[in-house]
Amino acid sequence: MNNQIYLTPVQIEARRRQRNLMVRRIASQTYLWLLLLLLYAPILLIVIFSFTKSKVLGNWTGFTFGLYENLLTGYDATSQVRVDPNLYRALLYTGLVAVIAATCATLLGTLAAIGIYNMRQKGRRAIQFMNSIPMINPDILTGISLFLLFVFLGISRGLTTVIIAHVVFCTPYVVLSVMPRLTKMNPNIYEAALDLGATPAQALRKVLVPELWPGMVSGFILSLTLSIDDFGVTFFTKGSNGLETLSTFIYADARKGGLTPELRPLFTIIFITILVLLIIMNIRTNKHAKKQ
Amino acid sequence: MKKFNIFGSRRTWAWPYVLFLVLFVLLPLLLIVVYAFTDPEGHLTIKNFVQFFRTTEAVNTFIYSLAIAMLTTIICLLLGYPAAYIMATSELKTPAVMSMLFILPMWINFLLRTLATVELFNMFSIPLGEGALLYGMCYDFLPFMIYPIYNTLQKMDKSLIEAAYDLGANRLEVFTKVILPLSTPGIYSGIIMVFMPTVSTFAISELLTHNKITLFGSLIQRAFGEGGLQMWNYGAALSLIMLIIIGITSFFGDKEESPSQAGLI
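Going line by line, the protein sequences match chains A and B.
Going by our numbering, the final residue of the first sequence carries number 292, and the count climbs one at a time with no gaps.
Going by our numbering, the final residue of the second sequence carries number 265, and the count climbs one at a time with no gaps.
These are calculated hints, taken from the structure and not from any lab test.
Glycine residues also receive a C-beta, built at the ideal position from the N, C-alpha and C atoms.
Misleading hints may appear alongside valid ones.
[Claimed, not checked] Within a straight-line C-alpha distance of at most 25 Å, the following computed DSS-like cross-link-like pairs (lysine-lysine) qualify: (1) B:K212 - A:K256; (2) A:K287 - B:K155; (3) B:K155 - A:K184; (4) B:K177 - B:K158; (5) A:K256 - A:K55; (6) B:K177 - B:K155; (7) A:K122 - A:K184; (8) A:K206 - A:K184.
[Claimed, not checked] Not close to chain B: a few residues of chain A, all C-beta gaps over 10 Å, as computed: (9) T52; (10) Y68; (11) P85; (12) I100; (13) L196; (14) K206; (15) L243.
[To be verified] Covered stretches of chain A (chain B as the covering partner; in silico rule of three or more C-beta atoms under 8 Å from a C-beta of chain B): (16) 32-46; (17) 119-131; (18) 144-151; (19) 245-259; (20) 266-280.
Make a model of the complete structure from these sequences and hints.
This is the structure:
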């Protein structure tokens, strides 16, 4: 945290350094804030233009909560048209796919991590290599390879294939987040549970799962975010039955020309929710750190 | 060896996942190879590759995509390294908040962010093209560069820097001989995490240039989106070429540093 100020034996030299340090600090802070400005400019644009009712982003037609009303009611009262119902379906499917895929990935990945941990070196390496493939592969290759698989097996693409595809690229991250918990765990406590008369199932539920829980939770959350953010894999595995997630909906929308204006308030709400959650988490960890 | 006696039977717990990996990771990749070397009737052929190497446009697109991806990676490195360095070493009051601020944009759907960038360019009437593409790619992937570097720099043993100063090194020497070598694992994973998605992207370039610039990813996507069965085989051949590029790139990477260790969450 604290930068070391390298005091030289000569006092004057020390002062000169301190002055330099100040200048450097201001310069480096400015640099960081400039980068952040660059990163946030497009997001700010979305947030600002969620408060006006123009069809296109960048055209300010006066402050209004109109788009928020439209989004919540699903109906534009002024122009008397419904908000694209596909937007809500996309939102629903995004959530559905994310929750199911993350749950499956967490269960599969946790079991796998326990298994891998108990394997001999050779088998462990082989699985860890296979486990890293979906993480290294760009989404387009994962998507196309699965597309070919479903075509090859004659499985029609739809919700199930999208969920399977999401489990494919989420599970490796669960394995990786559960693994460190296993290595840190004292292996004797599982044995102790068995010695004290627990069945393996009880030992799993009452000893292993509580120990691995933090890793499982972070794997689950990571899976959720990966799934929600995914575009490439979904694009190739969703088929053409009208199934869309938010990503593919936005892509289709943008290619048609106009972006559905209601996306602006939707993403403003999502962004602010995440911001608030992160701030709360940050405050809590700070408090926790201070207590210790 | 005691571990194995206790847990012996639980080795089998990985089997469902192994089966899953074989079916949904290895078999699909194998299918790419199979499709790439066959024609729609299923006969063995190399004409998909011949078709690629004979189409000047396709080869040009391939080389162009590699160049764009490399350029993006270099720009991200040049912009991201100082940021990571400042965050990891200077006395920021709130380094946690600062690092959080750098990941936060990634929670907004990248397509939407890209579209907002397009609007930003339109507002200032900057023409969409190569410049816009590079800006958008760097913008989308900069956090992937900053994070791994920030993480390795933060874990670095600071007393080594002190020792270098004590032994008479100046600032430049300390940086080039101590800090930079120690941060290479982070740089490697940063490079991979930026290069891989940029070399394979198709949506970003389509949105940022209004389809004026075609990247290799779009070429693959079109082979699967449009056209009949014949194009699938051609697309598979293109995918295989991409797969080889990815394989070569990851070979250079630090194998110990996984994306999650690199601090994405």
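- Check whether three or more residues of the segment 245-259 of chain A sit with their beta carbon closer than 8 Å to a beta carbon of chain B. holds (count 7)
- Message: According to the definition I'm using, a residue is off the interface if its beta carbon is farther than 10 Å from all beta carbons of the partner; does Y68 of chain A meet that for chain B?
- Response: holds (17 Å)
- Task: Tell me if chain B covers the segment 266-280 of chain A under the three-residue, 8 Å CB rule, please?
- Result: holds (count 6)
- Query: Is the straight-line distance between the alpha-carbon of K206 of chain A and that of K184 of chain A 25 Å or less?
  - Reply: At roughly 17 Å apart (the allowed maximum being 25 Å), K184 of chain A and K206 of chain A satisfy the hint.
- Query: Does K184 of chain A lie within 25 Å of K122 of chain A when you go C-alpha to C-alpha?
  - Reply: holds (21 Å)
- Message: Just to be careful, I want the Cα atoms of K177 of chain B and K155 of chain B compared with a cutoff of 25 Å; is the pair within it?
- Response: Within the cut-off at roughly 17 Å; holds.
- Between the segment 32-46 of chain A and chain B, see if three or more residues pass the 8 Å beta-carbon test, and mark the coverage as holds or violated. Coverage by chain B holds here, the residue count being 11 at a Cβ distance below 8 Å.
- Item | 10 Å Cβ clearance of K206 of chain A from chain B | Its Cβ never comes within 10 Å of chain B, the nearest being 16 Å, so this holds.
- Message: Is the claim that T52 of chain A lies outside the interface with chain B correct, judged by CB distances over 10 Å?
- Response: holds (13 Å)
- Query: K155 of chain B and K184 of chain A: Cα distance at most 25 Å?
  - Reply: holds (19 Å)
- Holds or violated: are the alpha carbons of K287 of chain A and K155 of chain B at most 25 Å from each other? holds (23 Å)
- Query: CA of K212 of chain B to CA of K256 of chain A, is that 25 Å or under?
  - Reply: holds (16 Å)
In the structure shown, no violation is registered for any of the earlier numbered hints.
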